[in-house]
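Number of protein chains: 2
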Amino acid sequence: MKNKIPTRIYLTEDEMPKHWYNLRADMKDKPDPILHPGTLQPVTAEDLAPVFCKGVIDQELDETTRLVPIPSDIQDFYRAYRPSPLIRAYYLEKMLDTPAEIYYKFEGTNTSGSHKLNSAGPQAYYAKEAGLTSLTTETGAGQWGTAMAMACGFYDLKLTVYMVKISSEQKPYRKALMEAYGANLIPSPSNTTEAGKKILEVDPNTGGSLGCAISEAIERAVKTDKCRYVLGSVLNHVLLHQSIIGLETKTALDKYGIKPDIIIGCAGGGSNLGGLISPFMGEKLAGKSNTRFIAVEPASCPSFTRGRFAYDFGDTGKTTPLIKMQTLGSGFIPSANHAGGLRYHGMNSTLSKLYKDGLLEARSEVQTEVFDAALKFMKGEGILPAPESSHAIKAAIDEALECKKTGEKKVILFGLSGTGFFDMTAYTSYNNKTMSDQIPSDADLERGFASIPNIPQNI
Amino acid sequence: MKNKIPTRIYLTEDEMPKHWYNLRADMKDKPDPILHPGTLQPVTAEDLAPVFCKGVIDQELDETTRLVPIPSDIQDFYRAYRPSPLIRAYYLEKMLDTPAEIYYKFEGTNTSGSHKLNSAGPQAYYAKEAGLTSLTTETGAGQWGTAMAMACGFYDLKLTVYMVKISSEQKPYRKALMEAYGANLIPSPSNTTEAGKKILEVDPNTGGSLGCAISEAIERAVKTDKCRYVLGSVLNHVLLHQSIIGLETKTALDKYGIKPDIIIGCAGGGSNLGGLISPFMGEKLAGKSNTRFIAVEPASCPSFTRGRFAYDFGDTGKTTPLIKMQTLGSGFIPSANHAGGLRYHGMNSTLSKLYKDGLLEARSEVQTEVFDAALKFMKGEGILPAPESSHAIKAAIDEALECKKTGEKKVILFGLSGTGFFDMTAYTSYNNKTMSDQIPSDADLERGFASIPNIPQNI
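Residue numbers (the numbering used here), protein chains in the order written: chain F, 4 to 462; chain D, 4 to 462.
Hints listed in this document are in silico derivations from the structure and should not be mistaken for laboratory results. All C-beta atoms, glycine included, are put in the ideal place defined by N, C-alpha and C. There's no promise every hint is true.
Taking lysine to any residue pairs in the SDA-like style, the calculated list, with each CA pair at most 25 Å apart, reads [claimed, not checked]:
hint : chain 1 : residue 1 : chain 2 : residue 2
1    : F       : Lys382    : D       : Lys382
2    : D       : Lys131    : F       : Leu256
3    : D       : Lys382    : F       : Thr136
4    : F       : Lys382    : D       : Lys258
5    : F       : Lys21     : D       : Leu14
6    : D       : Lys258    : F       : Glu18
7    : F       : Lys413    : D       : Arg82
Partial pick of chain F residues on the chain D-facing surface, computed with a CB cut under 7 Å [stated by the list, open to error]:
hint : residue
8    : Tyr176
9    : Gly385
10   : Phe452
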């Protein structure tokens, strides 16, 4: 087998992107603005200044600059672990006996194990630039916390991570890795914040939630001198940083004249999916392609496929600004049984808007079938995928098998956002057949929707 | 910072090696032959046939073919995860403030997490070629077992792994990963073999050892139809397969006209070190370079620096052929406290010979200092190194600091053989300061030496 297209396509350093791409600048119908929850007016930079640092606020609010230069310092940071490989899935294609061509962009070769490092680096850099000495954040499955621990180790910033308590107990090695990079880990809810104390009063034995950890991290940031909060998904500045994924992919494909027919990504808060599709979606908006885009979410937390398009809070404590997004309600509690991340109640506002406007498709998958796909993939391609990323694998396999039926030679691209080294408990429960699917009932969803604030939705 | 030499050098598929390099062919003074333990005569292919499959036996006994073609099927296998990156350690250099240039070849980007896959693939391929249906092996820290599980998953062969019992208990995730690839894991010693039963009779609560697991795996292989045994280090056919590491590295360095002054690798059985240095040692033997070669071993298991050059068995059960090597005696039991691998009593015969002849230097390092170096490295370079690989990091840092003293701008190359994702227990004990150094006393060594067979050593 000698292939015209190599199994792994790497860019040279000269070919690596020098700009991030801001998809919103090319959208005629832009996402609705973020609102101040008190005034219901669009937030200003001043509103956000106590929580976020200036560099990312400017990016969050900028809807018009198409190409945002990547500071040379961050280009250096990226060079320490990028470019990531774009891989032609020759073995998977053979295993499926499909006429389709399958490609995947693999973001798991860095030590944090996922794409999260692409935004952790810039966020730590802007904090350092602004003269801050520490940051706070939250982490659920642990990828984002690890990425921030690495970035803060690199830029010599203190980091406090509120880790969802049940995760910190189930994933002691994730905790150890973050600590090895110098991060201060606090299981959430904790007694270190008012938000945490309040929750512990009601239920001292709670395992915690991402929404609660966010509330604690924000509270600590605003109460600490020279400290701000960082978030690893959902917001548009995160999507901007993650556009590096799509830009590298597009450059690599363009070298070989390859045009994807379908692009697939898993979706929790949207950072990986949004980063991968941004430049390709830009082409579609300009009428230059007919590419289909597919978001794949867990059936246990279906914010696209069963959620509502509404202004909602980003956290369960209802302390954040309001974001117009696909949401299950900030009070929605996804099953703890679900492996890995992708368990956030909302979705990035840009992706939500694209979905609403029919430019982005979405589907949900149950976890046992997602792990079926993961096992197929790991045997063929040799890579242990993260449970999150395996949602994209599932959809890619389904599309490739559809091509087998129709005989179409489509080009399928998907994002392999990370590795599953810290998810072996989930793989074990899959191997032992103790894993179950967790699909919320309509009543479960109604309880979540009831937490969506009752405000005018067209502002 | 814009660098003439990129941070990461990748070969294109066309540049990837088409041959392995057999260093022994270029050695005037070759390693002594492997002996049959009964006759004390050099082993023949027939002697080895019940244990190993033909393809690897031919390679093991071949001392004259310089370049061994890599079968196209194995080139395909390699393309699924290679080339591995050669990385310029710009950040580590900056951190150390050294005039030295530091490069490392990173073998940890595949799912097995180490270089072991480079030999697992070929060994599974030759087994498949020979019409076998199953293989057996042993694993200690788990890298080799994982690599074989992946390779057997790929080539559709059954695999039974005897995993040192204490490791299988301490590393449940390693076990889960091998099982996810379809391997059958048996904690050793076990009741499935006579060798295992014998050991359990003496000590039913033993945690096992690599030597014992080898005995069990060999016994099962010779007693099972269409089954053979595979070994991940020590033997010369493994070094041959691992020469892919050095060949890729040399091609990458040659592209930029870089000549290493010092090449460093960690050494357990010698597969990673031997693979990395082979083509460079070939140049030295041809009088074309003055490169220094440094093997770094743990102070807890110092087969180079405190061992004897003698014919010895490869396993504690004394069932293998005799190998002339640096050895601590097959009865030497390294401290269980030591993190990771590198705990084998002997050393590859080719490397042992080069050491004896003054062509290869060696040093030993204590584990707390090795972890000091690992933490420095992971903060600067962003990669979590395996405890094994961190021995090479320690020596590379020491050499770079020596350059800082002398002002010399040496080029230092080291092998980063793997990642530490499954070694977080060790990192935790380092973080908690509960890790200790384990240096055997002279009396400990004498007890090991007593197990070296009393036979004429010059045959």
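- Taking only the CA atoms, is the gap from Lys413(F) to Arg82(D) under or equal to 25 Å? 23 Å, holds
- Message: Does Glu18(F) sit within 25 Å of Lys258(D), going by the straight-line distance between their CA atoms?
- Response: 18 Å, holds
- Item | Hint status (Cβ of Phe452(F) to nearest Cβ of chain D, threshold 7 Å) | 38 Å, violated
- Task: For the hint on Gly385(F), just tell me whether its beta-carbon gets within less than 7 Å of chain D.
- Result: 5 Å, holds
- Message: Would the hint linking Lys382(D) and Thr136(F) be met if the CA-CA limit is 25 Å?
- Response: 17 Å, holds
- Query: Has the given pair, Lys382(F) with Lys382(D), been kept, meaning a C-alpha gap of at most 25 Å?
  - Reply: 33 Å, violated
- Message: Checking one constraint from the list: CA of Lys21(F) to CA of Leu14(D), max 25 Å. Satisfied?
- Response: 23 Å, holds
- Message: Tell me if the interface restraint on Tyr176(F) is satisfied: Cβ within less than 7 Å of some Cβ in chain D.
- Response: Tyr176(F) check passes; min Cβ-Cβ to chain D is 4 Å, inside 7 Å.
- Message: Hinted pair, alpha-carbon criterion (25 Å max): Lys382(F), Lys258(D). Please report holds or violated.
- Response: Since the Cα atoms of Lys382(F) and Lys258(D) sit roughly 34 Å apart, the hinted pair is violated (cutoff 25 Å).
- Task: Compare the distance between the alpha carbons of Lys131(D) and Leu256(F) with 25 Å, and conclude whether the hinted pair is satisfied.
- Result: Distance of about 35 Å is beyond 25 Å: violated.
Hint violations for this structure: numbers 1, 2, 4, 10, all remaining hints satisfied.
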